[in-house]
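Line by line, the protein sequences are chains A and B.
With the working numbering applied, the first sequence closes on residue 143, and no number is skipped along the way.
With the working numbering applied, the second sequence closes on residue 1420, and no number is skipped along the way.
Because the hints were derived from the structure by calculation, they are not lab data.
There may be inaccurate statements among the hints.
What the hints assert, rightly or not - Partner residues are not named here, just some residues of chain B that face chain A (Cβ under 8 Å, in silico):
hint, residue
1, D1118
2, P1135
3, I1137
4, F1342
Even for Gly, the Cβ is constructed at its ideal location relative to N, Cα and C.
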Amino acid sequence: MAARIPRERRSRESAVRLATGVCLLALAAAGCGSSASPSGPSTSPAPTPDRPATITITASGVSPREVLTTIGSRVTFVNNDVIPHDIAGGPDPSRPDCHEIDAVGFLTPGQSRQTNPFERARTCEYHDHSAHSPNVAGRIIIR
Amino acid sequence: MTGPRARAVALCAVLHGAALLIPVHRVAAQTQDEPGAAGPEAAGTPQMPPPAAVSASAWRWTVDATAFVGFNYQRRKFRDFDAWESQNWVMATGARPAGGGMLVLSSMMSLEPLTLRDIGSHQVFQTGETFRRAPLIDYQHPHDLFMGLGAQFRRSLGRLAIVAAVDLVGAPSLGPSAFMHRPSGRENPQAPLGHHHLDSSHITPGVVRGGIETGAWRMEGSWFRGREPDENRLDLDIGALDSAAARLSWTRGPWSAQISGAHLTEPEAISPYDAKRLTASIAYTSGSAARGIDWLAAVGQSREAHGNLESYLWEAAVRAGAATTLYIRAESVAKDILDAGFHPRGTFHRHRQSQVGALTIGYIREVANTRAGRAGVGADVTGYAVPPNLRDSYGSPLSFHVFLRYRAPRLSSGAPVHIH
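Here chain B stands alone, though its shape is the one from the complex (with noise of 0.2 Å):
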């Protein structure tokens, strides 16, 4: 079975597999999205309940899970595009207190590679990753299957503590938490043109990490495979630890701010080329289901061999009241479209930049509040500011997304873990 109902059976196993699991987890109180459960960007990392939290005995599991389906079309100046589709994830996590600190077991999976086309998902402007050894142009890749995989242990000593983690799938200590945990980002469905300048390694196969707390700070450093995942979204992409990144955080109350870097090793396939890439963000998390606001602007730099792209970021989500969240988005992005493919060892120039503006403004109901989760149904637009050397090629784009979105109560056997 291939092609849209195979990737409609599949977002069906998504849906199912998550509302069958309610029975068998003590639904926690109050726990329904609410959008400070995320907590404050912590940057791509589990955050755990303190060990006091937590019984001695027992393994605690959450799952969360949420799912897009909707219509995507995308006017363009000499063809339009369409497509039915769905982003999806699901997350578990376990935790149990070991060695004297805290053990936890996280994974994460999507079913993209089914719900989306295989060269991905419409979007103007967008690059990153390759399909059929071509660089992607206007399209954001489908997620791999295993989007995370790994195990975290961390200790308090003192005022201190450590943090040692072990990822066969996951996030290296780079930029800001990835676009579909961040309580900013989670409403829209679609990725940031600037995703490969700040959080694309959200899926890294292979991450090893460690790093030291106190008080708010946290400093962290990573050895991971820096190459972006493959064009077989459904295998682990196993390979050497030949990249580094380092990356210094900050929580107080609602406030998170980050600032990282990474060198990376020959990071796209088709460039025989390593990279640098610098991030540094901050975050307000109000925590309040009902109203509030909470944003995050970031900035990121990947420092390549045919020249430095830039991003400039910020985006927010506005809880008018308990049903109704308004999202907003506004980028400007770098974009090396016109010499984007494959450049032998060698052959160097100065790519062509483009930097390429869009402005996402959406809008999401809640029209269903049930144990089993909550639906909403949403609709957004995005503007683009086109550059003078894209004009001929885009005219004056413009995108819409309508959908139905699907997200599981936060399910918990016990205290909640909350993943990032």
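Pulled out of the complex, with its shape left as it was, chain A reads as follows (with noise of 0.2 Å):
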């Protein structure tokens, strides 16, 4: 017995210094953090009143929320945030409208896509069929 205190001793020192040099990695990786960087061609120009509308999805919401467009132009929506968008017509999964919008669908993080050409003057919603957040809608006022 009197040999196996000083083993366990032993034990117990080996495994404090096997588990700080796990900690000591861990904090310095935690100090790397974590991060998403773009890796191709994800963005796209500030509009300009003579460039189509853009719209820029990030995790606070889409930005801007009420866009101006005028009959046969299309709109272009951005997603800087970091999970997947589903852009469909209409103000809620229940209620399709305005298909010209469904040609977005599914955007990547860092993945842009235009609309269909909007064929005819009216007032059209927008919504996430994937995150459905009241952050990710907008109207468009087509001119």
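Got two chains here, each in a separate frame; can you build the complex from them with the hints?
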């Protein structure tokens, strides 16, 4: 029994040393954090009056919530969030509408896609079929 | 304290906690996490030693723990993702004779709510559960703090044995052993893409189980809460036992197999529909720590209101020596990524399916093997077969992991009690 105590102490010390080493690695890693980085043509230019309207999706929602466009024009959606979004026409999944918007569909992070050309003057609402978040919803006014 | 620092400190707590346990337990000789120690596929139920192996006077406690700490890099078409993260869990089991049989108390905890981001671990094409009431896509959710908490009683009656169990958190009689428990999959820090078609019910809040064993066969049934864990990873999701499952399993030598099925009441928070799940699997566990192969082949089908989703998996851990393990996982999984999301009751349409293929090849080299545990350095790469309807959004992604894996010795105050 007398010889057993030092062995156990050595075991405890060895265990703590190993755990401490792993912790140091973890703490060093924690400083590096987590990130998402663009690796392709993911950004779109800032909207200007002579360019098609662009709606940007981020973690806080869409911006702008309301855009103005003309008959025959398209609107570009850019997903700058870290999760996919699925843009569809209509105020919610149970009321589909404005099928030109359905062309946007599923967007992975960094991806962008245009609507089909809008065919007539009206106000179109859209929603996120994946998230159904009120933040990822808005309207497009066609004149 | 929040964010990465809190996650790192949480990991330290796990590791130091496990390390400091060592002196108070007798370290079982030659139980350094031998692959066979987990035994053949036991499909999520504690395996108990025969009564004769345990003293009639005392509890026998067993502790086991695993932690991966590493870098996760997902190369994707439009945007890459990377993260430092840790998958980890610790298990404790106590057993003692009681009532002419064996009583086992078991618990399992994970600090993943702190060591992974709130949304989870980046994993291309992974789905299941929610984050901020939206379906998780391309992320593996963190596991709950309480992964297991329950009691099981087993008694032999001649050639038969009966098993009864109650779990505050546990696994119903459904599917193969969860990926982190089975010898073929536990060297891989990443969950299978078919997790939610096969073994996702391993953390079920509220389970009552009963079964009968004879020879190599076991038949068991269970009642449990069908809803998957909610977004609060730190609580217990108590609710009505509204779902049922049944499983027939067979074990002989290194071979084991099971077929199981369940009716799940509204398993997904964003889908107000019930589902059925069917699984079948066969596994081979070599039982050799130094050289051998453990493998599992499994198929699962989720019959959901919006269509049937099927998953096929084959995985293996190949040990070329005591210090070297190669792990492989090949999958073909149907995903409804393009139509995931909230569907109010009555808004019904068939989901578009995408049959995703994935092949992971990984390697672990043991770099330290002491009485404090084993440390290994590992890495893996995953390539994907992307179906045509996802190519525009995903291109040809690749996933990489580089990690340090710590595994505590199987600590026991007596005869080892195996958990699956």
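Is the interface hint satisfied for P1135 of chain B? The criterion is a beta-carbon contact with chain A at less than 8 Å. holds (6 Å)
Would the stated hint for D1118 of chain B survive a check requiring a Cβ distance to chain A of less than 8 Å? This hint is violated: D1118 of chain B lies away from chain A, its Cβ roughly 11 Å from the closest one there, beyond 8 Å.
Return the status of the interface hint for I1137 of chain B: holds when the least beta-carbon distance to chain A is below 8 Å, violated otherwise. holds (5 Å)
Does F1342 of chain B hold up as a contact with chain A if the rule is Cβ-Cβ below 8 Å? With a closest approach of 4 Å, the F1342 of chain B hint holds.
Of the numbered hints listed earlier, the single one contradicted by the structure is hint 1.
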